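K.L.:
Chain order of the listed sequences is A and B.
FYI, in my numbering the residues of the first sequence are 1 to 244.
FYI, in my numbering the residues of the second sequence are 245 to 554.
Hints may be right or wrong, so weigh each one.
Restricting the straight-line Cα-Cα distance to at most 20 Å, the calculated cross-link-like pairs of lysine to any residue (SDA-like) are [unchecked claim]:
id	chain 1	residue 1	chain 2	residue 2
1	B	382	B	418
2	A	241	B	257
3	B	315	B	371
4	B	315	A	89
5	B	315	A	91
6	A	78	B	331
7	A	241	B	311
8	A	241	B	300
9	A	241	B	325
10	A	78	B	328
11	B	315	A	75
12	A	78	B	379
13	A	78	B	326
14	A	241	B	259
15	B	315	A	2
16	A	241	B	313
17	B	311	B	300
18	A	241	B	298
19	B	382	A	242
20	A	241	A	158
21	A	241	B	301
22	B	311	A	243
23	B	311	A	91
24	B	379	B	336
25	A	78	B	333
26	B	315	A	94
27	A	241	B	255
28	B	315	A	78
29	B	311	A	89
30	A	78	B	418
31	B	311	A	93
These are calculated hints, taken from the structure and not from any lab test.
A quick note: this is a predicted structure, and the numbers were derived from the prediction, not measured.
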Amino acid sequence: MSPIAAVTRRELRSYFVTPVAYVFLVIFLVLSGILTFYAGDFYDRNQADLQPFFVMHPWLYLVLVPAVSMRMWAEEAKGGTLELLMSLPLTLAQAMLGKFLAAWIFIGLALVLTFPIWITVNYLGSPDNGVIVAGYIGSWLMAGAFLAIGACLSAVTQSQVVAFVLTLVVCFLLILVGQPQVMEFFQGALPRKLVNALAHLSMVRHFEAISRGVLDLRDLMYFLATMAAWLTAGVLTLDLKRTP
Amino acid sequence: MIETEQLTRRYGALTAVDSLSFRAEPGQVLGLLGPNGAGKTTAMRMIAGFLSPSSGTARVCGYDVRKEPLKAKRALGYLPEGAPSYGELTVREFLVFIIRMRGLQRDEGARRFERVVGGLQLEGVLDQCIDTLSKGLKRRVGLAQAIVHNPQVLMLDEPTDGLDPNQKHTVRQLIDQMARDRTILISTHLLEEVHALCNRVVIIANGRLMVDATPAELESRSRYHGAVSFSAPGSGVSQEMLGRLPQVSSIEVDPMDGRITVFPRTGERILEPVETLLRQQGLEVSEIQLERGRLDEVFRQITTGAENRE
Chain A
1 MSPIAAVTRR
11 ELRSYFVTPV
21 AYVFLVIFLV
31 LSGILTFYAG
41 DFYDRNQADL
51 QPFFVMHPWL
61 YLVLVPAVSM
71 RMWAEEAKGG
81 TLELLMSLPL
91 TLAQAMLGKF
101 LAAWIFIGLA
111 LVLTFPIWIT
121 VNYLGSPDNG
131 VIVAGYIGSW
141 LMAGAFLAIG
151 ACLSAVTQSQ
161 VVAFVLTLVV
171 CFLLILVGQP
181 QVMEFFQGAL
191 PRKLVNALAH
201 LSMVRHFEAI
211 SRGVLDLRDL
221 MYFLATMAAW
231 LTAGVLTLDL
241 KRTP
Chain B
245 MIETEQLTRR
255 YGALTAVDSL
265 SFRAEPGQVL
275 GLLGPNGAGK
285 TTAMRMIAGF
295 LSPSSGTARV
305 CGYDVRKEPL
315 KAKRALGYLP
325 EGAPSYGELT
335 VREFLVFIIR
345 MRGLQRDEGA
355 RRFERVVGGL
365 QLEGVLDQCI
375 DTLSKGLKRR
385 VGLAQAIVHN
395 PQVLMLDEPT
405 DGLDPNQKHT
415 VRQLIDQMAR
425 DRTILISTHL
435 LEEVHALCNR
445 VVIIANGRLM
455 VDATPAELES
465 RSRYHGAVSF
475 SAPGSGVSQE
485 MLGRLPQVSS
495 IEVDPMDGRI
505 TVFPRTGERI
515 LEPVETLLRQ
525 QGLEVSEIQL
535 ERGRLDEVFR
545 QITTGAENRE
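Chain A on its own, in the form it takes in the complex:
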């Protein structure tokens, strides 16, 4: 077995032998249900789609993803297992990838477990299931981007609380930056090109594009590049910590 797969399996195992996994899954499912039906007007819209479900995901992830990612490296550094892990024959990049994949698979599982809502909407009407699949893919990609940010910031500190707060702030900014109100605020202060560039950084904008059912390569690239960049930054941070 490759060291990446071994790390991934061990991480997943750790999620499920501690309450972390169950607490996360229950809260994710309950919150996504409540937000969809109450805040999202699932019924009153009279449309057979999952738009109200997906539209809440950035906000759900904002709170829940940092809770998953905060322990990723901070816990290992604090508990001394980082030293053990680094004495095993694997590179920092492999370790990072293994941990990230475990967390991403875990959130994928949480998404899969929302299937009742997909059954419900198919029972009530005849939605475009292609769009729904796209929505799920977009949501999973966005979760990956959040997780990569969390993975990097967890490597910065030994404190899980600090990792949580830092991740939450960065993710919040990346959600905010696409909102029309925020963009209007910048419109006057910054040159137009910069405002447009900022808007392209927005998580929500790319996520919404995908969840409308259009799998544009640019949106995919945005998420993949975000993940790659933050994971690389995380590896560099870890490497920096071992050099004098």
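Following the hints, put chain B in place on chain A, whose structure we already have.
P.N.:
Quick look at chain B alone, frame taken from chain A:
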């Protein structure tokens, strides 16, 4: 083989390890000795690849830890200080994880697993969470992790720290068994361990190498080396008479138990003359002993000497 070459690590203005060079060969158990904070752990962390050196380098089985870190790590088994492990896993899960990380094939992995679990008597706790184990058991799990891939080079940071005498004995036996064809580096501040385990000693203080010698050589540096001590309760041994022996340099009497220690002049052997004298005087001696030298005294001399020079 472990080799360090001018290995140095600085933290800001502090030099934790300062141009450390030593070499340990297969068949050797090298004890890395030093007071707390001398740089033992930092040196080991650099050899294990957890920290990178400020300058200099280390080699494990000929693999440079800076240039070929993965090869060096494959050849090395390492027990970090405090034997950290993933506490939420069971012993079995943890060892299986290490076996996978070490890339052992299924059959070989299963065989090594059995071997290590048997050797360290972990059968009874295989399905217990590591967090629930006693300190001694955790240490044994840490050791199992370090030797599961049958490494050529073994590095143990304070392997018996915090264990009770029986557990210490078990661990030492295990190290002894493994020592035959491997290179073993252990760090310790327990001097009894040096007697029990090591055939070579490197003493460091303030990050610098002070001594590289065998335990016997170290003992011979002691003032007590070759001294004769005996108890002669109630016999009123005349110190004067002992002092008149040409080979004797000085005599000390322990104020607590009245034990008499006779020190030789350099290079002299005094056991026989002292015994003869006592016999001639018809003095009752309950027990007499030729001292090998006291490691703790030598250790103190060497390491405090270094601090004073700072």
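K.L.:
Given the hinted pair residue 311(B) and residue 91(A), is their Cα-Cα distance within 20 Å?
P.N.:
holds, 13 Å
K.L.:
Please work out if residue 78(A) and residue 418(B) have their alpha carbons no farther apart than 20 Å.
P.N.:
violated, 30 Å
K.L.:
Against the 20 Å threshold, does the CA-CA distance of residue 78(A) and residue 328(B) hold or violate the hint?
P.N.:
Cα-Cα ~10 Å, so holds.
K.L.:
Would you check the hint for residue 382(B) and residue 242(A), treating anything up to 20 Å between C-alpha atoms as holding?
P.N.:
Roughly 26 Å separates the two Cα atoms, so the pair is violated.
K.L.:
Sort out whether residue 418(B) lies within 20 Å of residue 382(B), counting only the CA atoms.
P.N.:
Distance ~16 Å between residue 382(B) and residue 418(B) Cα, so the pair holds.
K.L.:
Going straight from one Cα to the other, do residue 78(A) and residue 331(B) come out at no more than 20 Å?
P.N.:
holds, 13 Å
K.L.:
Given the proposed pairing of residue 78(A) with residue 379(B), does the C-alpha separation stay at or below 20 Å?
P.N.:
holds, 19 Å
K.L.:
Taken at face value, is the distance from the CA of residue 255(B) to the CA of residue 241(A) at most 20 Å?
P.N.:
Holds, because 11 Å separates the two Cα atoms, which is no more than 20 Å.
K.L.:
What's the verdict on residue 311(B) and residue 300(B), does the C-alpha distance respect the 20 Å limit or exceed it?
P.N.:
Since the Cα atoms of residue 311(B) and residue 300(B) sit roughly 12 Å apart, the hinted pair holds (cutoff 20 Å).
K.L.:
Next pair to validate is residue 315(B) with residue 2(A); report whether the Cα-Cα distance is within 20 Å.
P.N.:
Measuring from Cα to Cα gives roughly 15 Å; hence the hint holds.
K.L.:
Would the hint linking residue 315(B) and residue 94(A) be met if the CA-CA limit is 20 Å?
P.N.:
Holds, because 15 Å separates the two Cα atoms, which is no more than 20 Å.
K.L.:
Would the hint linking residue 78(A) and residue 326(B) be met if the CA-CA limit is 20 Å?
P.N.:
Holds, at about 13 Å.
Hint check: violations occur at hints 3, 11, 19, 28, 30; the rest are consistent with the structure.
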